[in-house]
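As they're listed, the protein sequences go chains A, R, B, P, X and V. Going by this note's numbering, the first residue of the first sequence is number 976, and it counts up by one from there. Going by this note's numbering, the first residue of the second sequence is number 976, and it counts up by one from there. Going by this note's numbering, the first residue of the third sequence is number 976, and it counts up by one from there. Going by this note's numbering, the first residue of the fourth sequence is number 976, and it counts up by one from there. Going by this note's numbering, the first residue of the fifth sequence is number 976, and it counts up by one from there. Going by this note's numbering, the first residue of the sixth sequence is number 976, and it counts up by one from there.
If you're looking for bench data, these hints aren't it; they were derived computationally from the structure. The beta-carbon is built from N, C-alpha and C at its ideal position, and this holds for glycine as well. Mixed in with the good hints, there may be bad ones.
Claimed, not checked - Simulated crosslink set (SDA-like; lysine to any residue; CA at most 25 angstroms straight-line):
id, chain 1, residue 1, chain 2, residue 2
1, B, 1186, P, 1109
2, B, 1178, P, 1161
3, X, 1186, X, 1043
4, V, 1018, A, 1006
5, X, 1177, V, 1113
6, V, 1113, V, 1043
7, X, 1025, R, 1039
As the list claims (entries may be wrong) - To give an idea of the chain A side of the interface with chain B (calculated C-beta under 8 angstroms), a few residues:
id, residue
8, 1008
9, 1009
10, 1011
11, 1012
12, 1081
13, 1147
There are 6 protein chains.
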Amino acid sequence: MYLPSLFLFSLLVLTPISTALVQDFCVADLSLSNTPSGYPCKKASHVTEKDFVYHGLAAAGNTTNIISAAVTPAFDAQFPGVNGLGVSIARLDLAPGGVIPLHTHPAASEILVVIQGSICAGFISSFDNVIYFKTLFKGDVMVFPQGLLHFQINSGKTPALGFASFGGQNPGLQITDFALFANDFPTELVAKTTFLDVAQIKKLKGVLGGKN
Amino acid sequence: MYLPSLFLFSLLVLTPISTALVQDFCVADLSLSNTPSGYPCKKASHVTEKDFVYHGLAAAGNTTNIISAAVTPAFDAQFPGVNGLGVSIARLDLAPGGVIPLHTHPAASEILVVIQGSICAGFISSFDNVIYFKTLFKGDVMVFPQGLLHFQINSGKTPALGFASFGGQNPGLQITDFALFANDFPTELVAKTTFLDVAQIKKLKGVLGGKN
Amino acid sequence: MYLPSLFLFSLLVLTPISTALVQDFCVADLSLSNTPSGYPCKKASHVTEKDFVYHGLAAAGNTTNIISAAVTPAFDAQFPGVNGLGVSIARLDLAPGGVIPLHTHPAASEILVVIQGSICAGFISSFDNVIYFKTLFKGDVMVFPQGLLHFQINSGKTPALGFASFGGQNPGLQITDFALFANDFPTELVAKTTFLDVAQIKKLKGVLGGKN
Amino acid sequence: MYLPSLFLFSLLVLTPISTALVQDFCVADLSLSNTPSGYPCKKASHVTEKDFVYHGLAAAGNTTNIISAAVTPAFDAQFPGVNGLGVSIARLDLAPGGVIPLHTHPAASEILVVIQGSICAGFISSFDNVIYFKTLFKGDVMVFPQGLLHFQINSGKTPALGFASFGGQNPGLQITDFALFANDFPTELVAKTTFLDVAQIKKLKGVLGGKN
Amino acid sequence: MYLPSLFLFSLLVLTPISTALVQDFCVADLSLSNTPSGYPCKKASHVTEKDFVYHGLAAAGNTTNIISAAVTPAFDAQFPGVNGLGVSIARLDLAPGGVIPLHTHPAASEILVVIQGSICAGFISSFDNVIYFKTLFKGDVMVFPQGLLHFQINSGKTPALGFASFGGQNPGLQITDFALFANDFPTELVAKTTFLDVAQIKKLKGVLGGKN
Amino acid sequence: MYLPSLFLFSLLVLTPISTALVQDFCVADLSLSNTPSGYPCKKASHVTEKDFVYHGLAAAGNTTNIISAAVTPAFDAQFPGVNGLGVSIARLDLAPGGVIPLHTHPAASEILVVIQGSICAGFISSFDNVIYFKTLFKGDVMVFPQGLLHFQINSGKTPALGFASFGGQNPGLQITDFALFANDFPTELVAKTTFLDVAQIKKLKGVLGGKN
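Model the full assembly from the supplied sequences, consistent with the hints where possible.
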């Protein structure tokens, strides 16, 4: 074996691969328009190991708020390295009494792992409205099927910490209360489509900043 | 060209195809266990044109009920011919004042076409809780993205009829009110995860048959 | 609860969602190059409820033509709101004697619902060339598997109306006659690959505008 | 390091993998009902290297037939090892003057590589009926998009050999002539949906064995 | 509103949904043959909240082994609730000096979150063999693209704990050393396909239990 | 039938289709940023039959190199016509004694067909490290599941030729030796994650051009 042939070999074998990188990964270029499959890819020559690591989940979220809880995501918008890879993750901090209100992820299923404290978590099936819920302790995991209403509650007296991983780069998050009471969804339409009393709707709109 | 060779030809070319039928279609055998991709296929020799046609949407649904509306589906369970084909359809009948309450389809996007009357339809985005709604008239179509909360209301004085088609053989249907108030979701957990008043919850559980 | 904390809460919970919109929807920006998964997304701030509603199917298509029928589509090119959502729809108008000639949709399965009149519809399986056809009346639905040859004929004495929904944003439409006789597919190649007589080919090319 | 710990290690690391085999492969058990995603898997303990190798393409297909050509497939029905893997292949033999008549593959795109002789191949786009065709020589490859009408003709004076690979385990094959003239598709319906003359239809039905 | 109508309503709206459950979830029935899309579904009536919760990751894996590390999975075989949902998770325990040797997951991308200690993790791109690696601390996350060689090493002096989540129900795990040295891959073929010295191969086969 | 109506007809039916081309195909515009689903599409008006044909596999690859073999790919980067179509192909030339070293394709399964000579090919399963290998002769085909380690060796005394087709437009190629020894993967990390002796690592880095 002599260098020229090795060089030749490298050329021959590596050439096809020189643009295969997007099969390896496609770090999101957030400056370009998104597509149905995710963001266009950052140039390979600009990609570094930093693109595949995210520090934003190291610190606890601020739970000084109405739900005494915080969701800190590492989705494609925060963590461009997951773009096109079909995975993402979020940190859940729940102070005692904290709750992640009823919500859905339209675009992915979720697995929750409890790291600290205890969390009562559950979801509701669509076909017969069965509620499945259980109290999880350190090291327990629970799966929440895509698109189904679910919740998490700190069921203990100490702060709870969990990580929720998703089978999608951007699972989305639709909090039912926010969808109903934190926007300008006309009160009469909310009442008509939920059977809730107008007074109840106005009360929660007051809390969550909804209008009309 | 003589018969033997033609026969030979048929054998040669048709052999591979003799089991290709499930690529053509896979009529659901509802007697077998479902799978993540749908029901196992009925034997090709048992398939007839009847498997691909469904008459169940020809008659109006009964709207003599709490919502003055009816949803009549042609999903895989009712219409086995759609199994594996990624499409299904449902009939919507709304009496004057009728409403399809706030709901999601966890597994598919929807297109509604209005055939008769007028329907006020809308959905709520998850990323910023924007409500998009509009009154639709005969021949208008509206699309509802997968997994997002949406509703339909008869906004006229006459019965309304529409057909909702889906990009999945079984889109699922999760009606928020049913998920909260028509099951044994403990009232205290409903309150905790929705901020609704207990009295409101108990009132709607009374109407929808919920317990606890 | 006091405003600052609520504000804080909103920030914490909403931040991740601020770019989740393309998971909610991806309204096509037709001015940009398409991709294998669909068109790049229009900026969320420019999206309105109008993007999710289409009026183009409200009026009957013009059936004063060779097939006495018209197909009026609401695919991604006409209805950008369906981009990335895996659904689309088209209106079928058939005058008495009208026909949608033998065709395929390379990219999606179809469900036809008959709204008015009667339609004789059918498709041909590939594995053994079985023809499945049936006459459909008001309210009947029929499914046509992806990529298989199928047709629709007005089998009545009055105009027929139907809506065809698809499990794709752009199902494509390949009309066999157009593929053979409405282009510059050389007559000798058409003959060689279909066994049709040259005279027959030239006759239909004359009707449909084909050359060579 | 001592054996017990190694043994322990093996257990720990291998346990999870003991049923991961279907992620590795899923050799078709043709005795069970197919599903929308393919055949159920043969037991791993019964799988051997023979399941991943197929000899059926080693011999030339018999071209003594009406098309002077033969298609010999290695789809899931013949080659169970491709089940679930999204690939398959077929051998094309074309005697001088041989032709693979106009056809589609409803379920996969195709790449043809010419091994011997010369082949004139082409396909027709659906959006504007453009015909793309070219004569291919030894070593040339051509791609045919899923679901589009295409053909192959031996354009030389010697036998031609090619291999067609597909992006699916069972691409399907719908030969237009067979769909129209080799079954019991009523002549009047064929005429109505293709504009072909009845005489032409009856002539080809006579050749291909069609009835009615 | 009176009970009969409510009852009627329930029937009307709930009927279609009575078999929609497999869209909600498809808990694996491990007693049936797997399919390319996952295991057939357990009967809905037998599903309980226990199917969606797994306790097997609560205890540390045994790291008294050759790699001073343990991988404890919650894939479909251990955690049937994830079947069909496109997510799974595993627990990583690394004693000081522990390492998860170079490996790939053929079927899913991975996100690692560090819970305790510090982990040096990296992967190698295929297109140009670039090595991306970084030392991760508590709360850091790193993504590993599907199918690429990667590793994790405890880079600290204390035990390290992490959770690896996957965008698939059964990501698979191919440890390069096991593939080369823990089976009966003939030494001469290993040498021929890796350029490793025979002595080196035999040494590692001795350690890992390989034969031939 | 008169021209105006035909013209009208054409407009009606062809309009929707005028942008359906990307469903037909999406020839890669390599000058634009790639996306997770592939390259944006070249303008239809610029597409010709040349885009669907590739001549680069007609000539044998240069096997005067360290492995006495050459892989010549027709992936999306070389053959833009396959973009978005889920297929690609490569030519394998192996001189006597030639070998394609152990490697994986992270993004697609492969089918190899032997055209000339004999090739000993095999792959290793991940779930239990079983090695499946066999000697293939002219016309034999073998399938290699996505992401699994596999190899090909010329087992004869004459040059061998094969074509490898893939169920993806860009399967990727990760050659284990290149991932370990042809980059700047620190020798101590290679040793730590593979258990290879440092001397062995340095020897191969010397051959393959690795550093550190």
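Q: Please work out if residue 1178 of chain B and residue 1161 of chain P have their alpha carbons no farther apart than 25 angstroms.
A: 22 angstroms, holds
Q | Restraint check, 8 angstroms cut-off on beta carbons, for residue 1011 of chain A near chain B | A | Holds: closest Cβ of chain B sits about 3 angstroms from residue 1011 of chain A, inside 8 angstroms.
Q) Per the CB criterion, is residue 1012 of chain A less than 8 angstroms away from chain B? A) It holds, given that the least Cβ distance between residue 1012 of chain A and chain B is near 4 angstroms, below 8 angstroms.
Q. Going by Cβ atoms only, is residue 1147 of chain A closer than 8 angstroms to chain B?
A. 4 angstroms, holds
Q.
Tell me if the interface restraint on residue 1081 of chain A is satisfied: Cβ within less than 8 angstroms of some Cβ in chain B.
A. Nearest chain B Cβ about 6 angstroms off; hint holds.
Q) Going straight from one Cα to the other, do residue 1186 of chain X and residue 1043 of chain X come out at no more than 25 angstroms? A) 24 angstroms, holds
Q | Holds or violated: residue 1186 of chain B to residue 1109 of chain P, with C-alpha atoms at most 25 angstroms apart | A | Satisfied, since the Cα-Cα distance of roughly 18 angstroms is no more than 25 angstroms.
Q. Is the straight-line distance between the alpha-carbon of residue 1025 of chain X and that of residue 1039 of chain R 25 angstroms or less?
A. 39 angstroms, violated
Q) Straight-line Cα separation of residue 1113 of chain V and residue 1043 of chain V no greater than 25 angstroms? A) Given that 25 angstroms is the threshold and the Cα spacing comes to 20 angstroms, the pair holds.
Q) Would the stated hint for residue 1008 of chain A survive a check requiring a Cβ distance to chain B of less than 8 angstroms? A) The hint holds - residue 1008 of chain A has a Cβ within 8 angstroms of chain B, the shortest such distance being about 4 angstroms.
Q.
For residue 1177 of chain X and residue 1113 of chain V, compute the direct alpha-carbon distance and say whether it is at most 25 angstroms.
A. Since the Cα atoms of residue 1177 of chain X and residue 1113 of chain V sit roughly 34 angstroms apart, the hinted pair is violated (cutoff 25 angstroms).
Q. Regarding the hint that residue 1009 of chain A lies at the interface with chain B, is the smallest CB-CB distance below 8 angstroms?
A. This hint holds: residue 1009 of chain A lies near chain B, its Cβ roughly 4 angstroms from the closest one there, short of 8 angstroms.
Violated hints, listed in ascending order, are 5 and 7; each of the other numbered hints is respected by the structure.
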